[in-house]
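Q: Below, each chain spelled out in residue letters.
There are 2 protein chains.
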Amino acid sequence: MELLERRILSEGEVLPGNVIKVGSFLNHQIDVSLLLEMGKEVNRLFAGAGVTKILTVEASGIAIATAFATVMGVPVLFAKKHGTSNLSGDMLSAKTHSYTHNTDYNMVVERKYLSKDDRILLVDDFLANGQALNSLIDIVALSGAQLVGCAIAVEKGFQHGGDSLRGRGIRVESLAIIDSIDGGTIKFRR
Amino acid sequence: MELLERRILSEGEVLPGNVIKVGSFLNHQIDVSLLLEMGKEVNRLFAGAGVTKILTVEASGIAIATAFATVMGVPVLFAKKHGTSNLSGDMLSAKTHSYTHNTDYNMVVERKYLSKDDRILLVDDFLANGQALNSLIDIVALSGAQLVGCAIAVEKGFQHGGDSLRGRGIRVESLAIIDSIDGGTIKFRR
Chain A
26 MELLERRILS EGEVLPGNVI KVGSFLNHQI DVSLLLEMGK EVNRLFAGAG VTKILTVEAS
86 GIAIATAFAT VMGVPVLFAK KHGTSNLSGD MLSAKTHSYT HNTDYNMVVE RKYLSKDDRI
146 LLVDDFLANG QALNSLIDIV ALSGAQLVGC AIAVEKGFQH GGDSLRGRGI RVESLAIIDS
206 IDGGTIKFRR
Chain B
26 MELLERRILS EGEVLPGNVI KVGSFLNHQI DVSLLLEMGK EVNRLFAGAG VTKILTVEAS
86 GIAIATAFAT VMGVPVLFAK KHGTSNLSGD MLSAKTHSYT HNTDYNMVVE RKYLSKDDRI
146 LLVDDFLANG QALNSLIDIV ALSGAQLVGC AIAVEKGFQH GGDSLRGRGI RVESLAIIDS
206 IDGGTIKFRR
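Chains A and B are the protein sequences, given in the same order. Everything in the first sequence is counted per the working numbering, starting at 26 for the first residue and increasing by one. Everything in the second sequence is counted per the working numbering, starting at 26 for the first residue and increasing by one.
Please keep in mind that the hints were generated in silico from the structure rather than gathered at the bench. Among the clues, some could well be false.
Where chains are identical, the list cannot tell them apart; a pair therefore holds if satisfied intra-copy or between any two copies.
In silico lysine-lysine, PhoX-like type, Cα no more than 25 Å apart, as pairs [said to hold, decoys possible]:
{"no.": "1", "residue 1": "Lys212", "residue 2": "Lys46"}
{"no.": "2", "residue 1": "Lys78", "residue 2": "Lys212"}
{"no.": "3", "residue 1": "Lys46", "residue 2": "Lys78"}
{"no.": "4", "residue 1": "Lys106", "residue 2": "Lys137"}
{"no.": "5", "residue 1": "Lys212", "residue 2": "Lys141"}
{"no.": "6", "residue 1": "Lys137", "residue 2": "Lys46"}
{"no.": "7", "residue 1": "Lys137", "residue 2": "Lys78"}
{"no.": "8", "residue 1": "Lys46", "residue 2": "Lys141"}
{"no.": "9", "residue 1": "Lys106", "residue 2": "Lys120"}
{"no.": "10", "residue 1": "Lys212", "residue 2": "Lys106"}
{"no.": "11", "residue 1": "Lys120", "residue 2": "Lys137"}
{"no.": "12", "residue 1": "Lys46", "residue 2": "Lys106"}
{"no.": "13", "residue 1": "Lys78", "residue 2": "Lys65"}
{"no.": "14", "residue 1": "Lys46", "residue 2": "Lys65"}
{"no.": "15", "residue 1": "Lys78", "residue 2": "Lys141"}
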């Protein structure tokens with residue numbers, strides 16, 4: 026999506042360890058008007074797919090999921106990264122690893138919010154190794170709901186999480202795919 | 026706001042420790058259409074206040090802030106609860122305490138996203154003791170930006186964080202104020 030790619034090129038910063046910082050518009054400060062445009066594109070891509078609910082994971086996926094849900098007219102469910110005192114009842118959980126925080130954690134969702142009749146679109150800001158997305162896929166499988174696909178803002182193509190999911194037959198639509206950051210220069214997949 | 030109060034009465038659950046669970050529509054599963062209606066009410070309340078940016082804190086404030094920002098046409102900035110590898114540069118931080126997780130943490134925001142010209146509306150899902158909101162207020166003060174006020178979904182009036190802020194001359198608009206939960210019965214402030 027050209028609008029997003031232009032924004033990444035003009036405001037994105039490459040940090041050591043192939044971290045791409047897009048905190049000015051995507052995951053710290055949030056340009057909601059950009060997110061709504063991205064939502065329109067995702068709505069177009071998944072038109073006719075019968076999405077009933079968007080599933081994401083806290084924290085930086087929530088803003089994007091909320092904007093996409095605004096355009097698509099469906100509710101959002103976000104997985105939490107640890108049990109809290111305001112979660113109760115029957116939980117679906119999947120273990121995952123965060124490279125950003127270098128820690129393992131459980132991703133949890135209350136079972137009652139995912140039913141066999143749901144058609145789930147997974148949403149996240151970044152797709153790199155695919156750890157978070159794989160855990161969300163596990164949760165959808167545990168629930169018995171149908172996985173429609175994944176809508177990602179920025180995929181780091183050189184970390185191959187997205188290609189691995191596509192190889193398993195899962196539909197992954199990334200609005201920008203970065204294939205290399207050689208010498209700090211961002212190159213997008215065509 | 027009657028729409029929100031009705032929803033709390035029909036779907037809210039009271040858990041031990043005066044925890045009010047609204048995970049079916051506000052902070053786990055999210056009814057985006059309700060959030061947009063709440064955003065219209067906040068936009069009406071703060072009309073003419075010249076809000077330039079919404080500040081919230083991860084995670085459950087983000088969806089509400091994004092919906093409010095959609096209606097108000099301003100960007101969102103969300104404070105993070107700990108440093109991560111994709112935060113860099115000059116930070117504003119404030120220590121806070123989470124009663125939900127029973128832990129202390131630092132709330133951090135990159136300084137460059139708050140300027141002296143900004144007029145900030147603080148947004149959160151819950152206001153109880155006011156710990157999180159007080160830390161956001163500290164961050165706004167450190168930045169030199171102007172605090173316009175606070176827009177809260179659900180205030181627990183019996184924990185007095187909101188009244189304490191109002192006593193300091195800070196404008197706090199809560200869309201639902203729960204004054205008591207005696208024997209599991211929720212009573213709203215009139």
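Q: For every hint, state whether the structure bears it out.
A: Checked hints:
1. Lys212 to Lys46: within (15 Å within a copy, 45 Å between copies)
2. Lys78 to Lys212: neither (33 Å within a copy, 32 Å between copies)
3. Lys46 to Lys78: Cα proximity of Lys46 and Lys78: across copies only (21 Å, versus 28 Å in one copy).
4. Lys106 to Lys137: Within. Shortest intra-copy distance 18 Å satisfies the 25 Å Cα cut-off; inter-copy 28 Å does not.
5. Lys212 to Lys141: neither (40 Å within a copy, 36 Å between copies)
6. Lys137 to Lys46: between (36 Å within a copy, 14 Å between copies)
7. Lys137 to Lys78: This pair counts as within: shortest intra-copy Cα distance 13 Å, inter-copy 35 Å.
8. Lys46 to Lys141: between (37 Å within a copy, 24 Å between copies)
9. Lys106 to Lys120: Close inside one copy (9 Å) and across copies (21 Å); limit 25 Å.
10. Lys212 to Lys106: neither (32 Å within a copy, 32 Å between copies)
11. Lys120 to Lys137: within (20 Å within a copy, 35 Å between copies)
12. Lys46 to Lys106: both (22 Å within a copy, 18 Å between copies)
13. Lys78 to Lys65: Both. Shortest intra-copy (16 Å) and inter-copy (23 Å) distances satisfy the 25 Å Cα cut-off.
14. Lys46 to Lys65: within (24 Å within a copy, 32 Å between copies)
15. Lys78 to Lys141: Close inside one copy (12 Å), not across copies (40 Å); limit 25 Å.
Of the hints listed earlier, those the structure fails to meet are numbers 2, 5 and 10, in rising order.
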